[in-house]
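Undergrad: Sequence:
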Amino acid sequence: MNTYETINAQANAAIDELFYAADTLKKGDMLVIGCSTSEIMGKLIGTGSSVEAAKAVMDAVLPKVKERGLYLAVQCCEHLNRCLVVERECMERYGLQQVWVKPQLHAGGAFSMEAVARFNDHVMVEDLRGRASAGMDIGGTFIGMHMHPVVVPVHAKTRHIGDANVTMARTRPKYVGGPRAAYDEMPHR
3 MNTYETINAQ
13 ANAAIDELFY
23 AADTLKKGDM
33 LVIGCSTSEI
43 MGKLIGTGSS
53 VEAAKAVMDA
63 VLPKVKERGL
73 YLAVQCCEHL
83 NRCLVVEREC
93 MERYGLQQVW
103 VKPQLHAGGA
113 FSMEAVARFN
123 DHVMVEDLRG
133 RASAGMDIGG
143 TFIGMHMHPV
153 VVPVHAKTRH
163 IGDANVTMAR
173 TRPKYVGGPR
183 AAYDEMPHR
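Going by the working numbering, the residue at position 77 of the sequence shown is 79; the numbering climbs one at a time, nothing skipped.
A couple of the hints might just be wrong.
Said to hold, decoys possible - Only pairs whose alpha carbons sit at most 35 Å apart, straight line, appear in this in silico DSBU-like list of lysine-lysine: (1) K45 - K57; (2) K68 - K45; (3) K68 - K29; (4) K29 - K57; (5) K159 - K29.
Source of the hints: derived by calculation from the structure; they are not laboratory data.
Model, not experiment: these values are computed from the prediction.
Please build the complete structure, drawing on both the sequences and the hints.
TA: Below you can see the structure in the form of structure tokens.
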């Protein structure tokens, strides 16, 4: 059964695993989350949005994101062209393009509505210009377009939140050079 407690515990485990794998995140980096609460509740994406599931996930991730000094970017659904909810400070820091729309239950989704309700000074932006340093995709929402290359999958033990599949990723700088190039050690998890 997909209760608040179960969803919250799974989301807590997933975000902890992501932070463990993405241990190079620094204050001011962006973390993007796309979340289908319909999928969490065992329904087809976009067919059964759940405010309770959105609250359970947000209760798990937002305090941990804030504790690390990161910016949370919440992706809306395809009906809003996957625009995102961010804090105004994030938009200004990264030079993102503001758009005018208000997420609704079936156009944007319950998780983006929860972000609007909880962020201090939310704005809607068109995209992240590929600048997110880590991400979590709950229910097949396709967040990869918001992450900067090179995207590295995080193979976590937590693979579901409710009934939704969870995939996570971190980024690393591109390797450049040729046969004479040398590279500093970088943590790989």
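Undergrad: State for each hint whether it applies.
TA: Evaluation of the provided hints:
Proximity of K45 to K57 is assessed by CA-CA distance (about 18 Å); at most 35 Å being required, the pair is judged to hold. Taken as a hint, the K68 and K45 pair is honoured in the structure, with Cα atoms around 30 Å apart against an allowance of 35 Å. At most 35 Å may separate the alpha-carbon atoms for a hinted pair to count; K68 and K29 meet this at roughly 9 Å. Of the pairs offered as hints, the one joining K29 and K57 holds, with about 25 Å between alpha carbons and a cut-off of 35 Å not exceeded.
Under the criterion of a C-alpha separation no larger than 35 Å, the hint pairing K159 with K29 is consistent with the structure, at around 26 Å.
Violated hints are absent here; each numbered hint is respected by the structure.
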